[in-house]
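Colleague: Residue-level listing of the chains:
There are 2 protein chains.
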Amino acid sequence: MGRTSWVHFCCVFCLILLFLARSWLPLGKPERVGCPGDTPWCTSKNHIYSKSGLGLQTQVHKSTDHSTQIPHHPLDPLTVQEINRVRTILTSYEPFSSTFPTIQSVLLDEPEKPLVLGWKGGDPLPPRKAAVLALLNGQSHVLTVDLGSGHVDSHVVNPTSGYPILSRDDILAASRAPFSNAKFNESISKRGISPSDLACITPSAGWYGPDEEGRRIIKVQCYSAESTPNFYMRPIEGLTVTVDLDKKEVVKISDTGRGIPVPRSNNTDYRYNAQEKPVGMEPLNPISIEQPKGPSFKVEDGHIVKWANWMFHLKADQRAGLVISRAMVRDSETGQLRSVMYKGFSSELFVPYMDLDEAWYFKTYMDAGEFGLGAVAMSLVPLNDCPRNSHYMDGIFVASDGKPFVQPNIICLFERYAGDIGWRHSESLIHGLEIREARPKVTLVARMSSSLGNYDYIFDWEFQTDGLIQIKVGLSGMLMVKGSPLENINQVPNQDDLSGSLVSENVIGVVHDHFITFHLDLDVDGANNSFIKVNLEKEDSLPGESPRKSYLKAKRQVAQTEKDAQIKLKLYDPSEFHIINPSRRSRLGNPAGYKVVPGGNAASLLNHDDPPQLRSSFTNNQIWVTLYNKSEQWAGGLLVCQSKGDDTLAVWSERNRPIENSDIVLWYTLGFHHIPCQEDFPVMPTVSSSFALKPINFFDSNPILRTAPAFETDLPDCKPSSSS
Amino acid sequence: MGRTSWVHFCCVFCLILLFLARSWLPLGKPERVGCPGDTPWCTSKNHIYSKSGLGLQTQVHKSTDHSTQIPHHPLDPLTVQEINRVRTILTSYEPFSSTFPTIQSVLLDEPEKPLVLGWKGGDPLPPRKAAVLALLNGQSHVLTVDLGSGHVDSHVVNPTSGYPILSRDDILAASRAPFSNAKFNESISKRGISPSDLACITPSAGWYGPDEEGRRIIKVQCYSAESTPNFYMRPIEGLTVTVDLDKKEVVKISDTGRGIPVPRSNNTDYRYNAQEKPVGMEPLNPISIEQPKGPSFKVEDGHIVKWANWMFHLKADQRAGLVISRAMVRDSETGQLRSVMYKGFSSELFVPYMDLDEAWYFKTYMDAGEFGLGAVAMSLVPLNDCPRNSHYMDGIFVASDGKPFVQPNIICLFERYAGDIGWRHSESLIHGLEIREARPKVTLVARMSSSLGNYDYIFDWEFQTDGLIQIKVGLSGMLMVKGSPLENINQVPNQDDLSGSLVSENVIGVVHDHFITFHLDLDVDGANNSFIKVNLEKEDSLPGESPRKSYLKAKRQVAQTEKDAQIKLKLYDPSEFHIINPSRRSRLGNPAGYKVVPGGNAASLLNHDDPPQLRSSFTNNQIWVTLYNKSEQWAGGLLVCQSKGDDTLAVWSERNRPIENSDIVLWYTLGFHHIPCQEDFPVMPTVSSSFALKPINFFDSNPILRTAPAFETDLPDCKPSSSS
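Protein chains in written order, with the UniProt record's numbering: chain D, 1 to 724; chain V, 1 to 724.
These aren't lab readings, by the way, just hints derived from the structure by calculation.
Positions of the beta carbon are idealized from the N, C-alpha and C atoms, including for glycine.
Pairwise CB distance ranges, derived in the manner of DEER restraints:
no.	chain 1	residue 1	chain 2	residue 2	range
1	V	572	D	651	20 to 30 Å
2	D	555	V	159	39 to 49 Å
3	V	159	D	266	57 to 67 Å
4	V	185	D	555	39 to 49 Å
Quick partial rundown of chain V residues pointing at chain D, CB under 10 Å, derived from the structure:
no.	residue
5	211
6	285
7	287
8	412
9	423
For reference, chain D alone in the conformation it holds in the complex (with noise of 0.2 Å):
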């Protein structure tokens, strides 16, 4: 379809176009919302919708029937009926009588651990509970809630500062509030734009001191929409109207960018129907990773996963997005499953935008808490997301009005064949004998992708058969832009003076951070864990002692209190990070271990008084580990927004606790710097980086000694498809 075609109109049946704050807003169901007849902000974009036939063709999974569902695992997320269960018993839990509160969250409150541990497939469930953040007369609640009882277990009302993630009906009443607005209807006149072409995102206001205390507030700004779906590409730029949550009305309003034109709308459609220039490259021929007999995972009870050596749960939550937990590994020897990690998952992200300016100091998202790394995720396209014979898993979560839906196919999970080799060795080749072994790497990948607003997280683990877990973050989906007047570089002096980099004609791709921190609560054959720094120290060889001069020697230290283990990542003074079992030790007596293996990362530089970097703290460090609590799983805090960094895990680790032989909590701070440049206009291709954890010491030997090369006559048969 070409740019030429675009039909614009407002129609009966209009669709509100919910351009979240930075995010798409999880509806379950999609909802039909009766278009006031003259109401601006509604604008229709289904030609889209009529023209999707035309589209990628996502064929998306067939979900299961979630109504009847019941839980199997301790683990297992709260299903439908009992989402509505919590409604019911909140509804008649007295404090809520007068008025039902809005519900921001509600997740499954985990059993404590040696429930959990204690349990075995066939016992009853330990007693269910739900965690549910609420508002009420702009107060934050923090409930639990026994399923089985029915009574709310504890109740407490603004522990910390901030509130709670953000619902979907906030983010739908911040973008209308602007259009009540006389004064920001006259700015958009004034720039000559028609209301119906707005789109309105709501990106979240940070804290910034005393002024914007005592109230939720978020900020709204809009894009023009027109001609494009990509309206990200297309700035308002300056207009920047800041929103009380609760009375949905504007506070303030800030137009500094009357000057700055807003970009056009040409070559920014990324849809594949809208493409109309040829490729400019050789076709590829079908390529395809193929199982005739099927995946060797199998999936049971919903969230199992058994796979190789590997036995794991897996669920979608609203907050973390994809949660691992329970994840255990077979010992190649003895056969026994042994617990490599209680529980993994993206904690908090951290976005800072490098830019000063009235409408842009702000953007310094804190993404996990403030709008849920599973509430934004959508449906994964088949064949595209992810190969085939992937298995499909909804998430199934809660609208601010406390009922349940389902996000349906968040999460795959595929087996991975790259190319890559397990391992390998050559020896000799004398006279025909010769020696050839190498095993093809297979590995088996979780995945999710969050839509946060313009940016694609696609966040991987990946297990292998030698014990390690790929922790993977890619990031595509579209820059954060800001609208300028420039055409050509060469019309400024001096480039650095910019923010950014100039992406398109009156396009500034603003330099940002992002960085994303995972909870990693190892539990290496059992709780007690130390954590031991394994430092790689240059030594001078004494006078006499050897032809050489230096040498290296690794030093092994461990860490008394959480302090000891707050590190910043240094090239030049190398270190392992261990987590090991000190009574679980090996033939040789060397402790059962898994270490971190940090890869390509970025800090960050801000200054730690700075209101963003106090609030994101836990990227003061690329690794801290803390005594495990139940109750600091939010690196960021459990309130988020607007908070003040008084419940972040930079705090908590600063108790000092001892994590010596104890139950303890590994984070690790993925980070990525971000100069935009012109390849990444007007979608940018995936960049990604990783982490690993790896065993070390856990197996007497290398567990995949004894797989099975490939063989020719194991290879499927294959021909082009019939229907090609």
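Based on these hints, arrange chain V on the given structure of chain D.
Modeller: Coordinates of chain V only, in the frame set by chain D:
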């Protein structure tokens, strides 16, 4: 085959186990070496040969007939006929008329850059020349031979310190030498080891001062190959023989490890057909990358690879291993092929072990210049080293008598689909109005694996359609281990006193580093480029300027001279590193560029005046940029054996030549620290790290915007193999 079925005998047509200096000898045509009846170094492993049909199906692809091959491109490696002609020319070369030298290396002497750049398909080739390293009477001869004129163009004797790369005869002679030494035989006998069970390797001597100068020497150490092909795990610790390579005699024997037992052979055999115990995990169903219409790349004239938007020249080099030349990518807008990289290859390795013992201090390998990365590359194993539909390429190499031989199937080239995502975006699902755009990532990989004795290095050059080149090094194979009386780590009071980790009974995996330095002659849109450091500096906001206190600012610094481009990576002082063409501007005026994107890395911490570090001073920085100089190809110098570090990248860079807007070469060093663990025994699961070259304002916009998604109808119909 069980371990008990080993048979030991020495036969008439016995084969020499050529356990080379940590490396295997590249015998193109397997040789029969008559075994003197009582030769102790002669041991037979032809039980392996006789059982090979039961083992891994190598199914090596048939090689091309190279005898009639002619060169088609100025950069094509020397052909069989050309190598023979070099030998003929040298035979009649006057200085060699009385004695023909031993030939250590014959490589193509690549034409001057302008000749290559000016050449077009169909043109006659520029004059074909050979670069020869030879040895005569202890002198190093460096010659250029003109194949057209039949003349020696240049001839220099001992241009720098050091000796040429080792030849197969050097290594064969060295590994034989100890057996005629009474003291050696006595030591072996006293240790109760049968000479017929010995397997000897030849670690390089390094350079440790005047005592070892003036003659070519090498170390020889032996292992017990009794009951296992994995002799590397059975060191005869402390017995080190220094051999004069030219006199072929023992210079010195050091025998310090008498009390140390030879580790047992149990569980050391890694071959598939030697495994008796079950694998200990659920079997995996067959999985394969399938392309029923075949791969999308073409290989023209043996070396020109065309795929998607890429074109490059690919060849195997006896020293550098895999070489990529003339890499060009098609502009997504104009369709023009644009230059990215003139030449890229692994220039040198540095692998220092961290043990000062008499038997260990010298283990500071520089494998490319000492042994040759191509020389030790063996045939790749289809379906295990490389997936189906791979294209295999041979190496045409030169023996020490100057005769050519073929190393078959040492490069594979394949398309990879790993389930990854090229780019994606999901947008507001409203009333079915959904955008779900994702593109599968398909890449092209060129791979070689170099078996440097115990270690197997896997070199991958991966080309992406978005213009990115990822260079990955994988490490597998065996540890270099040290014999020890220790059977359990509790037998030492302080584990840190060891130079490594106890990985099996009596086996210490010694701590070591790996550094791989890449020569990356980027020519972005032409030869004249500049190196830009884009430093991200933390700035404080001015009082009253912003609610924010700090932000990052990108500051561009053009490197004027080579010293400006000596870069140590710093997490807390981060930069991007761009190679740009100041004369080639994008539509927006940005210079076309590529950046080097570091991933996980490690730095050498040894003292700069320590002999091994002095010789490998190219690892003093992670990044260097030098002025292009055809003779500066080898980061550790042309003559590496026993070199003193007078001809290294660090020396060239210290000249501090101007590099702005000039033909420049980027050097990047990828490093690994390796503290071994039990999982590395008896063969190591692959560990890998990588870096990338990424286009930065090279394309006017995302070059893969218009690529097609995968549709179900494109994918193959597969069924299990009928023969399975």
